[in-house]
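Asker: Produce the entire structure from the sequences given, and follow the hints as far as they go.
So the chains spell out like this:
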Amino acid sequence: MALLEVSGLTRHFGGVRAVTDLSFTVAEGEILGLIGPNGAGKTTAFNLIAGYLRPMAGRIVFAGRDLVGLKPHAVTKRGIARTFQIVKPFRKLDVLENVVLGAFLRRRGRREAEAEARLVLDKVGLGAKIGVPAADLTLAEQKRLEIARALATRPRLLLLDEPMGGLNPTEIDQASLLVQRLREDGITIVWVEHVLKAIMKVSHRVVVIHHGEKIADATPEAVVQDPAVIAAYLGGARDGHAAA
Amino acid sequence: MTRGLVALAIVALFAVPWLVTNTFFMHLAIMVLMWTALGAAWNLLGGFAGQVSFGHAAFLGVGAYATMIFHLKLGLAPWYGLVLGGVIGALVSLPIGFICFRLRGPYFSLATLAVAEIIRIIAINWETLTDGPVGMLITTLPELRVLGQPVDWESKTPFYVMIATIVVAVIGATWAITRLRFGAYLLAIREDPDSAEAVGIDTVRTNVTALALSAFFTALTGGFYAIYFRYIDPDAVFSIALSVEMVFIAVVGGLATAAGPLIGAVFLVTLAEVFRERFQVWHLIFYGLFMMLTIRYLPEGIWGRIGLLLGRRG
Amino acid sequence: METLIQSLVSGVLTGSLYAMIGVGLTVVFGVMRIINMAHGDLVMLGMYGAFWAHVGARVDPFLSIVVWMPLMFLFGMAIHRFLLRKVVLGGELNTLLYTAGLSLFIANLALFVWTGDYRTIKLSYAVMPLRPFDIAVPIPLAISFGLAIVITVALYWLLARTDMGRAIRATSQDAEAAALMGVNVERTATITFGLGTALAGGAGVLLAPSLYLYPTVGEILVAKCFVIVVLGGLGSVPGAIAGGILLGIIESLGAVYVSVAYKDLIGFVIFLLVLLLRPAGLFGVGKS
Numbered sequence: 001m002a003l004l005e006v007s008g009l010t011r012h013f014g015g016v017r018a019v020t021d022l023s024f025t026v027a028e029g030e031i032l033g034l035i036g037p038n039g040a041g042k043t044t045a046f047n048l049i050a051g052y053l054r055p056m057a058g059r060i061v062f063a064g065r066d067l068v069g070l071k072p073h074a075v076t077k078r079g080i081a082r083t084f085q086i087v088k089p090f091r092k093l094d095v096l097e098n099v100v101l102g103a104f105l106r107r108r109g110r111r112e113a114e115a116e117a118r119l120v121l122d123k124v125g126l127g128a129k130i131g132v133p134a135a136d137l138t139l140a141e142q143k144r145l146e147i148a149r150a151l152a153t154r155p156r157l158l159l160l161d162e163p164m165g166g167l168n169p170t171e172i173d174q175a176s177l178l179v180q181r182l183r184e185d186g187i188t189i190v191w192v193e194h195v196l197k198a199i200m201k202v203s204h205r206v207v208v209i210h211h212g213e214k215i216a217d218a219t220p221e222a223v224v225q226d227p228a229v230i231a232a233y234l235g236g237a238r239d240g241h242a243a244a
Numbered sequence: 001m002t003r004g005l006v007a008l009a010i011v012a013l014f015a016v017p018w019l020v021t022n023t024f025f026m027h028l029a030i031m032v033l034m035w036t037a038l039g040a041a042w043n044l045l046g047g048f049a050g051q052v053s054f055g056h057a058a059f060l061g062v063g064a065y066a067t068m069i070f071h072l073k074l075g076l077a078p079w080y081g082l083v084l085g086g087v088i089g090a091l092v093s094l095p096i097g098f099i100c101f102r103l104r105g106p107y108f109s110l111a112t113l114a115v116a117e118i119i120r121i122i123a124i125n126w127e128t129l130t131d132g133p134v135g136m137l138i139t140t141l142p143e144l145r146v147l148g149q150p151v152d153w154e155s156k157t158p159f160y161v162m163i164a165t166i167v168v169a170v171i172g173a174t175w176a177i178t179r180l181r182f183g184a185y186l187l188a189i190r191e192d193p194d195s196a197e198a199v200g201i202d203t204v205r206t207n208v209t210a211l212a213l214s215a216f217f218t219a220l221t222g223g224f225y226a227i228y229f230r231y232i233d234p235d236a237v238f239s240i241a242l243s244v245e246m247v248f249i250a251v252v253g254g255l256a257t258a259a260g261p262l263i264g265a266v267f268l269v270t271l272a273e274v275f276r277e278r279f280q281v282w283h284l285i286f287y288g289l290f291m292m293l294t295i296r297y298l299p300e301g302i303w304g305r306i307g308l309l310l311g312r313r314g
Numbered sequence: 001m002e003t004l005i006q007s008l009v010s011g012v013l014t015g016s017l018y019a020m021i022g023v024g025l026t027v028v029f030g031v032m033r034i035i036n037m038a039h040g041d042l043v044m045l046g047m048y049g050a051f052w053a054h055v056g057a058r059v060d061p062f063l064s065i066v067v068w069m070p071l072m073f074l075f076g077m078a079i080h081r082f083l084l085r086k087v088v089l090g091g092e093l094n095t096l097l098y099t100a101g102l103s104l105f106i107a108n109l110a111l112f113v114w115t116g117d118y119r120t121i122k123l124s125y126a127v128m129p130l131r132p133f134d135i136a137v138p139i140p141l142a143i144s145f146g147l148a149i150v151i152t153v154a155l156y157w158l159l160a161r162t163d164m165g166r167a168i169r170a171t172s173q174d175a176e177a178a179a180l181m182g183v184n185v186e187r188t189a190t191i192t193f194g195l196g197t198a199l200a201g202g203a204g205v206l207l208a209p210s211l212y213l214y215p216t217v218g219e220i221l222v223a224k225c226f227v228i229v230v231l232g233g234l235g236s237v238p239g240a241i242a243g244g245i246l247l248g249i250i251e252s253l254g255a256v257y258v259s260v261a262y263k264d265l266i267g268f269v270i271f272l273l274v275l276l277l278r279p280a281g282l283f284g285v286g287k288s
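Protein chains in written order, with our numbering: chain A, 1 to 244; chain B, 1 to 314; chain C, 1 to 288.
None of these hints come from the bench; they were simulated from the model.
Treat the hints with care, since some could be wrong.
Taking CB as the label site, the calculated pair distances span [said to hold, decoys possible]:
(1) B/Arg3 - A/Arg111: 28 to 38 Å
(2) C/Val260 - B/Ile10: 34 to 44 Å
(3) B/Arg205 - A/Met56: 19 to 29 Å
(4) A/Val68 - C/Leu71: 56 to 66 Å
(5) B/Asp152 - C/Phe112: 34 to 44 Å
(6) C/Arg187 - B/Gly132: 46 to 56 Å
(7) C/Val113 - B/Arg205: 42 to 52 Å
(8) B/Phe182 - A/Arg156: 18 to 28 Å
(9) B/Ala176 - C/Val67: 35 to 45 Å
(10) C/Met1 - A/Arg54: 40 to 50 Å
Even for Gly, the Cβ is constructed at its ideal location relative to N, Cα and C.
Answerer: Here it is in structure tokens:
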């Protein structure tokens, strides 16, 4: 049985069809890549699943229960954690406290939450930065911090929104390693990314959306051969130029 | 050691009336403590959760009026009315919270300002309940015996003890909150509401809880205001200026610190009371000036800066 | 019917001045994303300007606007340049608190200098109202209305036709993009704040012959400005004009058909409803 089953998901903003009739499933332990040209509706899809936006139609069934209508915090309690495309750390709080806030979800006491946060921080490679205010980290570190914060809530499903956006090649390699390590830990991940090379290497399966609709859903090898996907990316690039 | 210092401070606080006999200084001390309580109550919401309310006079007024109305219309002794007033203040804050917390940042601030104005206008016009713009007056406080001794209402001491107790309660509550998960959650909301939701924090419920606590202590202090001054009217206890002064005490003392409001109140209220002797409005000119200087040069407040210098967190 | 027309007319007349105050607040919000809590006190300064011109220099208060608006413009630029510029970087809540401090400072300094006495301006030519079609139109309000229209049209021309106006509109839409296109955002902000202050002061001058003057009048006016700009959508100039006139009408109809006591309540209730239900303003053009 699928851990997450999205069906017929639709959300428009005014006249803009951000997501239309989107359906896909995620199996337990799977890493699903979600790709598409700029403005394809990937982040909107995340916001719908995580409860930040309400769908106009469709169902989001997670572990057998419909999530539609739940507030973001309730979605997190059910076991879905997310990161943000534009990082949103608790800027004035230090690295440890950022992750402790995630750990508090399952552990009420400060001592237990701190212990858990330290473990997670070691795992993502921020163990040495514990006392630094989040605002003073580099972008790559802030992206890691968001992953750590999400992991500390002990999710069954992790939504990563462009964990490599804006990073340099070295940082991208490090981030790629981190996601692979998470994959070895058996966490289920849905991952939105622009860096196609990285996502193709790590994902089990890739869903491509374009103008808010799904145009492909297959293994990475099959997706790169798909004529519809190639057309979308080339067309998307042309659209991009016209807009700029 | 900290525990010892705190115990010493509390003993010293309650020893003041037996050491100071000068009425002006007693009045000054009572005013400092009253504004400490108000600033600390505001700080629970404005400092920790970062929800800047410009409408806290609403709760002060509700507490003051509840105490007066229970006493004058139902014959309930004002010290019971004061506690009941606190509870009513908290209850009134619940619908306000559910409305205003749908807004963020400055929009929240404007909404609280509007709500406070609405309550003020109702208080002026609902004459059967509030006696309208003429206000309400307690001519003599009823007799009260503590440990068999009648309380002397002509002396400042009983009022001092009352407000000192309220201050210990608010600062104690603030200190406790900083140690709990709840306090950490408030700071998370202040830093980033979206991320707070992402780690599973019910931001609306957490904010509403903080508001209710804040409103409870503000209304409690409002009840004290009614007992101490024995006279209230809508423009005195519901004014925007009162709300703004609470904000200033907390900001100048140090947002999101337990002791900040005490420092802010000692500083600003002493200034106010000293100037009040000579000329009424000078203290407000200085309030405005200190507010501007604080935001510009000392955004963490006096106590916050001391904390930073001592290298402590919070 | 007659009462209805009468209150509509006085609503529109007062509303035109509300609109002018609201426009000042909203252009500043558009460019700097700050809510200026001291805006009402700037209006108050304009009112006293007119009063002293009239009493001190025997100049007609309406005529004095040619002096006060440029002076308020410079004053506003100075406030931004020397006080607000650095504070704005600290975020919108800091600015909100800072301008609240500024408001208290200006209002109470005025209270100290001018005392709390209520003052009025008595104009020899404005004892009896005009009576076109049997509708009473107070002469000072009629003059104010005319001047407010002239000033608003001039402002539109400035925003639409001049380089500075284009810079203000560009910054208002997207400060980063405007900076990339070569707009000096800092300078635009200073000028915009001057403009907002001049509009507030000008509206104060025009209001002075029709209202009681006292130093803390800004407290009431600032609350009204928020209602106006939220009705129209924060950041939108046409929205603020519509919002101002709407509030004028709401107040004057409310005073006749609901009650004088609760007329201010109506404004605030509508304000809350708009904030909650249509945060971009009634006309959906503002920025939230």
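Asker: Is 40 to 50 Å a correct range for the gap between the Cβ atoms of C/Met1 and A/Arg54?
Answerer: For C/Met1 and A/Arg54 the Cβ distance comes to about 47 Å; the hint holds.
Asker: Is 46 to 56 Å a correct range for the gap between the Cβ atoms of C/Arg187 and B/Gly132?
Answerer: Given range 46 to 56 Å: holds, Cβ gap about 52 Å.
Asker: C/Val113 and B/Arg205, beta-carbon distance inside 42 to 52 Å?
Answerer: 49 Å, holds
Asker: Starting from the range 18 to 28 Å, see whether the pair B/Phe182 and A/Arg156 falls in it by beta-carbon distance.
Answerer: 26 Å, holds
Asker: Is it true that C/Val260 and B/Ile10 lie within 34 to 44 Å of each other by Cβ?
Answerer: 51 Å, violated
Asker: Does the beta carbon distance between A/Val68 and C/Leu71 stay inside 56 to 66 Å, or does it fall outside?
Answerer: Once the Cβ atoms are compared, 59 Å apart, the range 56 to 66 Å for C/Leu71 and A/Val68 holds.
Asker: Given a hint of 19 to 29 Å, does the C-beta separation of B/Arg205 and A/Met56 actually sit inside it?
Answerer: For A/Met56 against B/Arg205, whose Cβ atoms are near 27 Å apart, the range 19 to 29 Å holds.
Asker: Taking 34 to 44 Å as the hint, is the beta-carbon distance of B/Asp152 and C/Phe112 inside that range?
Answerer: Distance hint for B/Asp152, C/Phe112 holds at roughly 39 Å.
Asker: Within 28 to 38 Å or not, the Cβ separation of B/Arg3 and A/Arg111?
Answerer: 19 Å, violated
Asker: With respect to the beta-carbon atoms only, verify the hint that B/Ala176 and C/Val67 lie 35 to 45 Å apart.
Answerer: 59 Å, violated
Violation of the numbered hints given earlier is confined to hints 1, 2, 9; the remaining hints are satisfied by the structure.
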